[in-house]
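Q: As given, the protein sequences belong to chains A and B, one line each in that order. Going left to right, the first sequence walks through residues 21 to 158 as the working numbering numbers them. Going left to right, the second sequence walks through residues 11 to 450 as the working numbering numbers them.
Check the hints yourself; a few may be wrong.
[As the list claims (entries may be wrong)] Example chain A residues on the side facing chain B (calculated, C-beta under 8 Å, incomplete):
| # | residue |
| --- | --- |
| 1 | Val36 |
| 2 | Glu74 |
| 3 | Phe88 |
| 4 | Gly104 |
| 5 | Val106 |
| 6 | Asp110 |
| 7 | Arg114 |
| 8 | Pro124 |
| 9 | Phe127 |
| 10 | Ile133 |
| 11 | Asp135 |
| 12 | Leu138 |
[As the list claims (entries may be wrong)] Far from chain B by the CB rule (all over 10 Å, computed), these chain A residues:
| # | residue |
| --- | --- |
| 13 | Gly93 |
| 14 | Gln96 |
| 15 | Ser103 |
| 16 | Pro118 |
| 17 | Ser122 |
[Unchecked claim] Quick partial rundown of chain A residues pointing at chain B, CB under 7 Å, derived from the structure:
| # | residue |
| --- | --- |
| 18 | Asp30 |
| 19 | Asp32 |
| 20 | Asn33 |
| 21 | Val105 |
| 22 | Arg109 |
Rather than coming from a laboratory, the hints here were simulated on the basis of the structure. Since we're looking at a predicted model, the values are computed, not measured. Quick reminder that beta carbons are idealized off the backbone N, C-alpha and C, glycines included.
Residues per chain are reported as follows:
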Amino acid sequence: MADLVIIDDDPDNVDVLAEIMASAGHHVRVGSNGEAGLKLLHEQRPDLVLLDVEMPILDGPGMASAMFVHNLGMEQIPVILLSGVVSLRDVAARVGTPYFLSKPYRFTQIMAIVDRALAERVPPRPTVLPSKPAPKTR
Amino acid sequence: MIGFAVVILLLAAGVGLSVRHFEMSSSAQLAAIRVEEREITLAERLRWSGANIAAAGQGYLITGDPDLLARLGDAETAFGEAILDLRNLSLSPVEDALVKEIVNLSEAYKRIAAELFQRPRTEALGRSVRAELLPSQRALSEAFDRFSAHEEQEIRGAYDDAAAAQNALSVRTYGLLALLFIASLGLSWYFAAALARSVNKTEQALELARRALSARDEVSEIVAHDLRDPLAVIVLRCSMLQAEGDAEAMRRQARVIENLALRMEYLIKTMLDVAALEEGRLSLAPSQCDVGELLDQITDMFDNLLESKRIRLDRRIWPPELAIRADRERVLQVLSSLIANAITASPPGGAIEVATERHDGEVRFAVSDAGPEISTEHIARMFDRFYKHEVREQSGTSLALFVAKGVTAAHGGRIWVTSEAGRGSTFYFTVPAVDVSATS
Numbered sequence: 021m022a023d024l025v026i027i028d029d030d031p032d033n034v035d036v037l038a039e040i041m042a043s044a045g046h047h048v049r050v051g052s053n054g055e056a057g058l059k060l061l062h063e064q065r066p067d068l069v070l071l072d073v074e075m076p077i078l079d080g081p082g083m084a085s086a087m088f089v090h091n092l093g094m095e096q097i098p099v100i101l102l103s104g105v106v107s108l109r110d111v112a113a114r115v116g117t118p119y120f121l122s123k124p125y126r127f128t129q130i131m132a133i134v135d136r137a138l139a140e141r142v143p144p145r146p147t148v149l150p151s152k153p154a155p156k157t158r
Numbered sequence: 011m012i013g014f015a016v017v018i019l020l021l022a023a024g025v026g027l028s029v030r031h032f033e034m035s036s037s038a039q040l041a042a043i044r045v046e047e048r049e050i051t052l053a054e055r056l057r058w059s060g061a062n063i064a065a066a067g068q069g070y071l072i073t074g075d076p077d078l079l080a081r082l083g084d085a086e087t088a089f090g091e092a093i094l095d096l097r098n099l100s101l102s103p104v105e106d107a108l109v110k111e112i113v114n115l116s117e118a119y120k121r122i123a124a125e126l127f128q129r130p131r132t133e134a135l136g137r138s139v140r141a142e143l144l145p146s147q148r149a150l151s152e153a154f155d156r157f158s159a160h161e162e163q164e165i166r167g168a169y170d171d172a173a174a175a176q177n178a179l180s181v182r183t184y185g186l187l188a189l190l191f192i193a194s195l196g197l198s199w200y201f202a203a204a205l206a207r208s209v210n211k212t213e214q215a216l217e218l219a220r221r222a223l224s225a226r227d228e229v230s231e232i233v234a235h236d237l238r239d240p241l242a243v244i245v246l247r248c249s250m251l252q253a254e255g256d257a258e259a260m261r262r263q264a265r266v267i268e269n270l271a272l273r274m275e276y277l278i279k280t281m282l283d284v285a286a287l288e289e290g291r292l293s294l295a296p297s298q299c300d301v302g303e304l305l306d307q308i309t310d311m312f313d314n315l316l317e318s319k320r321i322r323l324d325r326r327i328w329p330p331e332l333a334i335r336a337d338r339e340r341v342l343q344v345l346s347s348l349i350a351n352a353i354t355a356s357p358p359g360g361a362i363e364v365a366t367e368r369h370d371g372e373v374r375f376a377v378s379d380a381g382p383e384i385s386t387e388h389i390a391r392m393f394d395r396f397y398k399h400e401v402r403e404q405s406g407t408s409l410a411l412f413v414a415k416g417v418t419a420a421h422g423g424r425i426w427v428t429s430e431a432g433r434g435s436t437f438y439f440t441v442p443a444v445d446v447s448a449t450s
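Could you build all of it, start to finish, from the sequences and the hints given here?
A: In structure tokens, the structure reads:
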């Protein structure tokens, strides 16, 4: 079974995803923003990151860029973008990941995309890197 | 603007008047010159008929031809008429003197002629016409010359005057025309500037409208996004609920779903509040509220969340008997927005303090947390409606702060925030106080 990291600023979302993934037999760690996510990645390299887009401190695309720029082997970790933003397809193209799912999604959809990502393991290749670090704010 | 129009009207009137004046003075000069010319003509006629008298009389005396006698008579008649005409003219004193001289000499001349030519021809034959008539004729002729010279001088003077007047008028007219031109330029400039200003205003209004439209789109996106988060969880929880066999697990799923639905309802309410605030139709139902009761109620609301996050909530009320006059639900709304904000900002195991104090006629609520510092630029825009993306924390947070600001303002109070590195942030708001001792 795989080691997953779930990054989302919505605690309800984190809870339900963690429950689902744990019941599917995965090992799950959670964080509420990009910076917390990077910390988790440093502690131990996971097999897959489930990433929200809009978050305080460091957002999803920012975290994906940081994974690529820091290049500590993190750039090989596949990322699934999960968000309710209207233009999720464009965000996924910027992050360079083939895995994304618009909220709200069904149980079967999230299970399917996690399985697919774990099987293919295509890492993200960001097309746009942030010009300045995300503001550290609340 | 009106001043410009008046100036232009005055200038146009000035130009018109001077043209008219020019015409009138020209006509007057022309008339004067015509009179002078007529006087000269009369004098010349007099000279001519005088010469005719002499010539016809002399011829008659020599030849005895009765035709010449008749011509003499005609000449004398014409002479007399010319004298009369000359006398009837209105003349200047100098001219008058000159004419009088001519008239006197003419009378003398007529007398000499009559004496010469109206006697029997034989008698006169012996006398010298040349010797008797010519001196008088010469004197008359000299008087004519003087008169003509004077008249010519008058005409020259009149012409010179007319030319001078014309020059002066030309200068004045051209000056006025130039001023008219400048004033017209000024007027055109003014209108061009006014036009540019109004075009500018229109562009600004367009820009505002464009911004308002994009702001609305932004809000729509925020709402869509914020509603999708809980909706996503509901969908997943329902799937899990269907697969659940254990009754306790089912109850837990149902409770979470209920909470999510309430969260969505809260978001929708916030959205409606934003719309109401923007249209200026947020209504209040103020009553006297005990601050202690308010804080009890708000603590109950957040008990579970505080417990799950291991965050302590401290309360401070001074003086202990504190009451406000406000819309109870609305004040609870502001307080819960600020407390939710503080909980989000606080690290697990941290503490939040809600302090209420009386200041003059107001009660000041202060919600403090030990979270990260809010930068100055964020503080300035914290309560703006569209300040969501930059300082986004949890669903609806900044919209809630915008609503909190509107609600506080509707109560006649203020809302603000202070923040310091290492010491967290404090959100303050004020509402009118009620004098407890006076009312109880």
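Q: Hint by hint, say whether it matches the structure.
A: Quick rundown of the hints versus the structure:
This hint holds: Val36(A) has a C-beta 5 Å from the nearest C-beta of chain B, less than the 8 Å allowed. A least Cβ separation of about 6 Å between Glu74(A) and chain B falls short of the 8 Å threshold, and the interface hint therefore holds. A distance limit of 8 Å between C-beta atoms decides the matter here; for Phe88(A) the minimum to chain B is near 23 Å, and the interface restraint is violated. Here the hint on Gly104(A) is kept, as its CB sits about 3 Å from the closest CB of chain B, short of 8 Å.
Taking 8 Å as the C-beta cut-off, the interface hint given for Val106(A) holds, the closest approach to chain B being about 5 Å. Given the 8 Å rule on beta carbons, the hint for Asp110(A) is violated: about 13 Å separates it from the nearest Cβ of chain B. Taken as an interface hint, Arg114(A) does not check out: its beta carbon lies about 16 Å from the nearest beta carbon of chain B, beyond 8 Å. Using the Cβ-Cβ criterion of 8 Å, the hint placing Pro124(A) at the interface with chain B is satisfied: the shortest such distance is roughly 4 Å.
At its closest, the beta carbon of Phe127(A) sits 3 Å from a beta carbon of chain B; the interface hint therefore holds under the 8 Å criterion. At about 13 Å, the closest approach between the beta carbon of Ile133(A) and any beta carbon in chain B exceeds 8 Å, and the interface hint on this residue is violated. Interface hint at Asp135(A): violated, since its Cβ lies 16 Å from the closest Cβ of chain B, which is beyond the 8 Å cut-off. Checking Leu138(A) against chain B by beta carbon gives a least distance of about 19 Å; that is not within 8 Å, so the hint is violated.
Taking the minimum C-beta to C-beta distance to chain B, about 29 Å, the non-interface status of Gly93(A) holds against the 10 Å cut. Even its closest Cβ contact with chain B, about 28 Å, leaves Gln96(A) beyond 10 Å, as expected for a residue assigned away from the interface. Annotated as non-interface, Ser103(A) brings its C-beta within 10 Å of a C-beta of chain B; the closest such distance is 8 Å. At the 10 Å boundary, the C-beta of Pro118(A) stays outside the reach of chain B, the nearest C-beta of that chain being 21 Å off.
Against chain B, the non-interface label of Ser122(A) is violated: not every CB pair exceeds 10 Å, the least being about 8 Å. Given the 7 Å rule on beta carbons, the hint for Asp30(A) holds: about 5 Å separates it from the nearest Cβ of chain B. Taking 7 Å as the C-beta contact cut-off toward chain B, the hint placing Asp32(A) at the interface holds, the least distance being around 5 Å. Interface hint at Asn33(A): satisfied, since its Cβ lies 6 Å from the closest Cβ of chain B, which is below the 7 Å cut-off.
A distance limit of 7 Å between C-beta atoms decides the matter here; for Val105(A) the minimum to chain B is near 6 Å, and the interface restraint holds. At a threshold of 7 Å, the smallest CB-CB gap from Arg109(A) to chain B is about 15 Å, leaving the interface hint violated.
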